[in-house]
Amino acid sequence: MTLALFTEQLLNGVQFGIMLFLMAAGLTLVFGVMGLINLAHGSLYMIGAFICATVAVATGSFWLGLIASLAGAAAAGAVMEIVVIRRLYARDHLDQVLATFALILIFSEGTRWVFGSFPLYLDIPPILQGAVFLPGGVQYPLYRLAIIIAGLAIALGLYLLISRTRLGMRIRAGESDREMISALGVDIRTLYTIVFALGAALAGLAGALVGAIQSVQVGMGEPVLILAFVVIVIGGIGSVKGALIGAILVGVVDTMGRILLPQFFALFMENAQATSVGSALASMAIYILMAIILALKPQGLFAAGA
Amino acid sequence: MKRETIINWVLGLGLLAFPFAALYLDEPFYVTLATRVAILALAGVGLNIALGLGGMVSFGHAAFFGIGGYVAGILSQHAFNDEPLFTWPLLISGTSDMPVIWLVAIVICALVAVFIGLITLRTSGVYFIMITLAFAQMIYYFAISWPSYGGEDGLSIYVRNGFPGLNTLDPLQFFLICCAALMVCLLLSARLRDSRFGAALQVARQNDVRLAATGIAPLNIRLVAFIISAAMTGLAGALFADLNRFVSPSMLSWQVSGEIMIFVILGGVGRLFGPLAGAALFIVLEFYLGGVTEHWQFFLGLILLGVVLFVRGGLLGVLAGRRDHG
Amino acid sequence: MKKMIFASLLGLSLTASAVAMAEPVKVGMITTLSGGGSGLGVDVRDGFMLAAKMAGNKDLEVVIEDDARKPDLAVQIADKMIQKEKVDILTGIIWSNLAMAVVPGAVGQGVFYLSPNAGPSALAGKGCHENYFNVAWQNDNLHEAMGGHASSAGFKNAFILAPNYPAGKDALTGFKRFFKGDVAGELYTKLGQNDYAAEIAQIRASGADSVFFFLPGGMGIAFMKQYAQSGVDTPVMGPAFSFDQGILKAVGDAAIGVKNSSQWSKDIDNPANKAFVEGFQAEYGRLPSLYASQGFDTANLILSAMNKADVKDADAFRAALKEADFDSVRGDFKFDSNQHPIQDIYVREVIKEGDVLTNKIVGVGLEDRSSAYVDACKL
Numbered sequence: 192m193t194l195a196l197f198t199e200q201l202l203n204g205v206q207f208g209i210m211l212f213l214m215a216a217g218l219t220l221v222f223g224v225m226g227l228i229n230l231a232h233g234s235l236y237m238i239g240a241f242i243c244a245t246v247a248v249a250t251g252s253f254w255l256g257l258i259a260s261l262a263g264a265a266a267a268g269a270v271m272e273i274v275v276i277r278r279l280y281a282r283d284h285l286d287q288v289l290a291t292f293a294l295i296l297i298f299s300e301g302t303r304w305v306f307g308s309f310p311l312y313l314d315i316p317p318i319l320q321g322a323v324f325l326p327g328g329v330q331y332p333l334y335r336l337a338i339i340i341a342g343l344a345i346a347l348g349l350y351l352l353i354s355r356t357r358l359g360m361r362i363r364a365g366e367s368d369r370e371m372i373s374a375l376g377v378d379i380r381t382l383y384t385i386v387f388a389l390g391a392a393l394a395g396l397a398g399a400l401v402g403a404i405q406s407v408q409v410g411m412g413e414p415v416l417i418l419a420f421v422v423i424v425i426g427g428i429g430s431v432k433g434a435l436i437g438a439i440l441v442g443v444v445d446t447m448g449r450i451l452l453p454q455f456f457a458l459f460m461e462n463a464q465a466t467s468v469g470s471a472l473a474s475m476a477i478y479i480l481m482a483i484i485l486a487l488k489p490q491g492l493f494a495a496g497a
Numbered sequence: 003m004k005r006e007t008i009i010n011w012v013l014g015l016g017l018l019a020f021p022f023a024a025l026y027l028d029e030p031f032y033v034t035l036a037t038r039v040a041i042l043a044l045a046g047v048g049l050n051i052a053l054g055l056g057g058m059v060s061f062g063h064a065a066f067f068g069i070g071g072y073v074a075g076i077l078s079q080h081a082f083n084d085e086p087l088f089t090w091p092l093l094i095s096g097t098s099d100m101p102v103i104w105l106v107a108i109v110i111c112a113l114v115a116v117f118i119g120l121i122t123l124r125t126s127g128v129y130f131i132m133i134t135l136a137f138a139q140m141i142y143y144f145a146i147s148w149p150s151y152g153g154e155d156g157l158s159i160y161v162r163n164g165f166p167g168l169n170t171l172d173p174l175q176f177f178l179i180c181c182a183a184l185m186v187c188l189l190l191s192a193r194l195r196d197s198r199f200g201a202a203l204q205v206a207r208q209n210d211v212r213l214a215a216t217g218i219a220p221l222n223i224r225l226v227a228f229i230i231s232a233a234m235t236g237l238a239g240a241l242f243a244d245l246n247r248f249v250s251p252s253m254l255s256w257q258v259s260g261e262i263m264i265f266v267i268l269g270g271v272g273r274l275f276g277p278l279a280g281a282a283l284f285i286v287l288e289f290y291l292g293g294v295t296e297h298w299q300f301f302l303g304l305i306l307l308g309v310v311l312f313v314r315g316g317l318l319g320v321l322a323g324r325r326d327h328g
Numbered sequence: 106m107k108k109m110i111f112a113s114l115l116g117l118s119l120t121a122s123a124v125a126m127a128e129p130v131k132v133g134m135i136t137t138l139s140g141g142g143s144g145l146g147v148d149v150r151d152g153f154m155l156a157a158k159m160a161g162n163k164d165l166e167v168v169i170e171d172d173a174r175k176p177d178l179a180v181q182i183a184d185k186m187i188q189k190e191k192v193d194i195l196t197g198i199i200w201s202n203l204a205m206a207v208v209p210g211a212v213g214q215g216v217f218y219l220s221p222n223a224g225p226s227a228l229a230g231k232g233c234h235e236n237y238f239n240v241a242w243q244n245d246n247l248h249e250a251m252g253g254h255a256s257s258a259g260f261k262n263a264f265i266l267a268p269n270y271p272a273g274k275d276a277l278t279g280f281k282r283f284f285k286g287d288v289a290g291e292l293y294t295k296l297g298q299n300d301y302a303a304e305i306a307q308i309r310a311s312g313a314d315s316v317f318f319f320l321p322g323g324m325g326i327a328f329m330k331q332y333a334q335s336g337v338d339t340p341v342m343g344p345a346f347s348f349d350q351g352i353l354k355a356v357g358d359a360a361i362g363v364k365n366s367s368q369w370s371k372d373i374d375n376p377a378n379k380a381f382v383e384g385f386q387a388e389y390g391r392l393p394s395l396y397a398s399q400g401f402d403t404a405n406l407i408l409s410a411m412n413k414a415d416v417k418d419a420d421a422f423r424a425a426l427k428e429a430d431f432d433s434v435r436g437d438f439k440f441d442s443n444q445h446p447i448q449d450i451y452v453r454e455v456i457k458e459g460d461v462l463t464n465k466i467v468g469v470g471l472e473d474r475s476s477a478y479v480d481a482c483k484l
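First to last, the protein sequences are chains H, U and V.
Anchor point for the first sequence: position 108 equals 299 in the working numbering, and the numbering is continuous, going up by one each time.
Anchor point for the second sequence: position 272 equals 274 in the working numbering, and the numbering is continuous, going up by one each time.
Anchor point for the third sequence: position 47 equals 152 in the working numbering, and the numbering is continuous, going up by one each time.
The hints are simulated quantities; they were obtained by calculation from the structure and are not laboratory data.
None of these values were measured; they are calculated from a predicted model.
All C-beta atoms in this analysis are idealised placements derived from N, C-alpha and C, irrespective of residue type, glycine included.
Watch out, some of these pointers could steer you wrong.
Unchecked claim - Examples of chain U residues toward chain H, derived with CB under 10 Å:
(1) Ser95
(2) Asp99
(3) Ser126
(4) Tyr129
(5) Phe130
(6) Leu135
(7) Phe137
(8) Trp148
(9) Gln208
(10) Leu213
(11) Ile267
(12) Trp298
(13) Leu302
(14) Gly303
(15) Arg314
Isolated chain H, as found in the complex:
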C-alpha cells in the first residue's frame, strides 16, 4: 500500500467517524443531561432523512430539505419528549429501553405506512458534486469533505453552546444536580424538552446529511444507533468531547480494520481464506475495541464527572 493510499484511508476513517459523531452528539447530550437511554434516536435520524428527501424532491432544493429536516426532527423530538419521554426520567433504564424500543416499532412502521416500502431518492446538492484533488495527489469526494467540516462545526458549536451560554450553563447544572437546579427556579421541564429537541435536531440533520450518500429507507436508523451507542460508551457517556474522539477512534479502527486485516492474514494464508477471515474479524473490530476500552476504563475514556 502506498503512503498516499494509506493517508486517504486514514481520511476515510476520520470522515466515517465524523458521520458517527453527528449521530452520537445528540445521543450523548440527552444521555448526559437526562440520564435517558433513547433507542428511538435512530428513528429521529430516519425521520430527518425522510423529511429531507421529501422536501428536496418537492422543492428541488437540497438545502430547503436540510432545513426542513432540522425543524421537523426537532419538532418530532419535542412532541416525543412531551408525550412519552417526560414520563420516563424517573424510571429505571429498563423501562426506558422498553418504551423507546416500542417507539422504534411505531416510528418504523408508521414511516412505512406514510411513505411506502420503497427507498426514497435523495441526492447531494449540485454544488457539492464530484471529487477534488487534495495536496499529495489524493482525489477525494467534495461532499465527504463537507461532512467533515459540518461535523467539526457542530462539535465546535456544541462546545460553545455548553460552555459559553446560559442554556449551556443550565445543561451543565442539570447534569450534575437535578434537584438543585430546579430549586434555583430553572424550569427543568422546559429545559429537558429543549435539550431533547436539540438532540433530535442533530439526529435529523445527521440523517439528512448521511442519507444523501447512503440510502433513505425504513430501518436505516438502527445499525447507526448501535454504532452511536458504541461511540458514546467508548467516549464516556455525557461527554461531547468523548463522543467526538470516540467516534473518530471507531471510524478509524473500523476503516483500517476492513483494509488491513485481510491483507494481514494474506501474509500467511491462502488468499480467499484470508479475505474471509480478515473481513470477519474486521466486522467484529469495533466491538473488540469497545470491550478492551471498557475492561481497562469502565467509565469510558472521558467519563463525565470523573
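Start from chain H and add chains U and V according to the hints.
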C-alpha cells in the same frame, strides 16, 4: 396462599392445559405456539436471574440463546452426517440426543459467561448494558461470516433431536419436554431466590458496600448469578433450535436480546413467573395482530408503550399487587 | 401481515377456468411486508395477486402473512399455515436464510413450496426435494451471467466485492465461474455496511478495468451514490438487484449506463410480458420489478398445474408443475431435474425514459442456463 402464588399456579397450569385444549378443539397449531411461549419464557427466566435478582441489565443474552441454538444445530448436523466433531486430541462425535445436547449447551454457555462476566462485571449501569451488547454483536458477526456452519443462511436440523423414551416429533410430547424444562428452571430460580446466595445477590443489587462489609465479594456473587442466568438462556436456545428445526445468526441479533428483555419487563421484573406472563402476552399479540393487519408492528409498539407507561411493575405487578420483598 | 381470502373477490372477473377441478387450491404466502426490504415482498405479492386476478380462477385461494424478515417468525407462520390453515402450497419468501429455515420443514410436512425469489445452493443440490420448485433462479445465476458478459465484453481485470455472508460468497464464486480474466481484487464487506469510501479507494488503487459488485438493498444504493461521487470512472456492473425498478429511483442518475444481469426485463418481447407490464401499471400505478415478474410467474405456474391435476393428488400435481406449461413473462422457461429453471439470463442497461429510470436489454449473458449444483441433486 398469597395472591401472587395463586396467579403463578394459574399461569403454570394454564400453559400446561392449553395444548390439551387445543388438541381437543382440533387446532394442533396452538401446541406449537404454546411450545414457543414455554421456550421463550425459559429464556426470560434465565435473564430474570441476572436482571431481576442481580440487577444486571444484560442487553446481550441473545449471545447465550444463540450459542445454545448453535450447539444443538452443530451437534445434530455432525450426527446426521456421521462426521466426528473433532478427531484430536480425542474423538468427539455429534449427537442427536437431547439430554447430551442440553448438557453441552449449558456447559459451553457457562464457560462463555465466565469469560464475558469477568470482563463486563467490572462495569455497571449503562456501561454494563452496552458492553454485554458488544459481546453479543461480536458473536453475531462471527456467526454470519463463519462458513462451516452456514453463516447467515443458518443451519437446518433435518430431524428433530431425540429424547430417550419419547417421540419428540410429536408436538405434544415436545411441548411437555419444554414445559418440564421451564418448570424445573422456575423451581431452581425460586430455590435460588430464597437461598442465602439469593439473599446476598439481592443485597448486592441494592448496596454493594453493605455486602462487602459482611465479607462477601459482590463480584463473585454476581458472576455466579450471571453464569446460571446464561446457562438457562442457553438451554432455551437449544430447545428453540429444535422447535424451529433451524438455527441462524438472527438468534444472536440485538433484537432478540431486546425481546427477551421485553418478556421480563412485560411480565414484571424479578417476579418468578413474570417471564412466562410476558412471553405469553408478547407471542399472543404478535400472533393475533399479525393476522389482522399488515401494520401490526405499529400497534404492537403502541401496546408495549401503553404497558410501560401506565402499567407499573408489569403484568404481575398489576395482577398480584406490590412485591413484598426485593 | 394482511390476510386475504381472495377467492370470493374474484367472483366477478372474467370467466372461470375451463377445467373445474374438484378441490380449491389454498396457497399460503409468507413474505416480507414490513421493515427494511419490504419493497421486495410487496412486489412479489402484487405480481402474484395480479396473475390471480387476471386468471380469475375461483378455485385459487391465497392467504398472506408478513415474516418481518425474521427466520423464526417465518417458521412459525409456515407451521400455522400448514397445520391450521391447511394450505396446499407455500410460497413468497424473499431471503435465502428464511427459505433455508422454512423450506426443509415445510416440504417435509408434505406441502409444495414454490420459491418466487430465493435460490440457495443447498436447496439446488444435495438438499433438493421433490416438493420444492424454484420459479426465480438459483442464487448464482445472475452473477454467472455477469461473469460471462464481462469476459465477452473484453474486460481483463475485474475488481469484485460482496458482503461477507454465504450469498455474497456464492455471488463472487458465480461471477468467477464464467469470468475468464484476472481478479484485481476481491473484497468482502460487512453485511449492512453503508459507507464504502475505503473500498472505493482500494478500487481506484487496484488498477482494475471493471468492477463487479453484489450489494443487495440499501447497501447497493449507498455504494452507487458514493461511487458516482468518487471520481473513479471504472465501469461498474452487477446483478439486477441493485438496478431494479423499485430501487432505481433511489439510486438516481448515478445508475445510468450500468450493465446488469437479469432473467427478466420489461422490454422482453412476448404477449405474456406485455400483458403483465400493462396490467401491473394499470393495477398499481407503477412499473413492475423483477420481483413482481417472479411473483407473477409463480402464480401462473400454480394456475397451469391446477388446470391439469387435483392438488390433493400430490404425484399428479407435482408432474403438472414440473411441465411448467404456462406462458412465462421471460419467454422460454422449463425446469431442470433439480426443479430449478433453465432460462436465458439477459444483460440490461440502465436508461432514462423521459423522467423515469428503467432498463433495456442489450444482450444475452448466458443462454439456457441451469444451475451449477444440478448434478448433486438426486431427483
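Hint check: is the beta carbon of Ser126 (chain U) less than 10 Å from a beta carbon of chain H?
-> It holds, given that the least Cβ distance between Ser126 (chain U) and chain H is near 7 Å, below 10 Å.
Hinted contact Gln208 (chain U) with chain H - closest CB pair below 10 Å = Gln208 (chain U) check fails; min Cβ-Cβ to chain H is 13 Å, beyond 10 Å.
With 10 Å as the cut and Cβ atoms as the points, is Ser95 (chain U) at the interface with chain H?
-> Status violated, d = 26 Å.
Per-residue hint verdict: Leu213 (chain U), partner chain H, C-beta under 10 Å | The hint is violated - Leu213 (chain U) has no Cβ within 10 Å of chain H, the shortest such distance being about 19 Å.
Restraint outcome when Ile267 (chain U) is required to lie within 10 Å of chain H by C-beta distance = holds, 5 Å
Evaluation of the interface hint that places Phe130 (chain U) against chain H, nearest CB under 10 Å = Because about 9 Å separates Phe130 (chain U) from the closest Cβ in chain H, which is inside the 10 Å limit, the hint holds.
Could you check if Tyr129 (chain U) really has its C-beta closer than 10 Å to a C-beta on chain H?
-> Holds: closest Cβ of chain H sits about 6 Å from Tyr129 (chain U), inside 10 Å.
Taking the least C-beta to C-beta distance, is Asp99 (chain U) closer than 10 Å to chain H?
-> violated, 31 Å
Per the CB criterion, is Arg314 (chain U) less than 10 Å away from chain H?
-> Given a least distance of 9 Å, the restraint on Arg314 (chain U) holds.
Taking the least C-beta to C-beta distance, is Leu302 (chain U) closer than 10 Å to chain H?
-> holds, 6 Å
Cut-off 10 Å, beta-carbon criterion: hint that Phe137 (chain U) touches chain H = Hint on Phe137 (chain U): holds, closest Cβ of chain H at ~7 Å, below 10 Å.
Return the status of the interface hint for Trp148 (chain U): holds when the least beta-carbon distance to chain H is below 10 Å, violated otherwise.
-> With a closest approach of 7 Å, the Trp148 (chain U) hint holds.
In terms of the numbered hints stated before, the structure departs from hints 1, 2, 9, 10, listed from lowest to highest.
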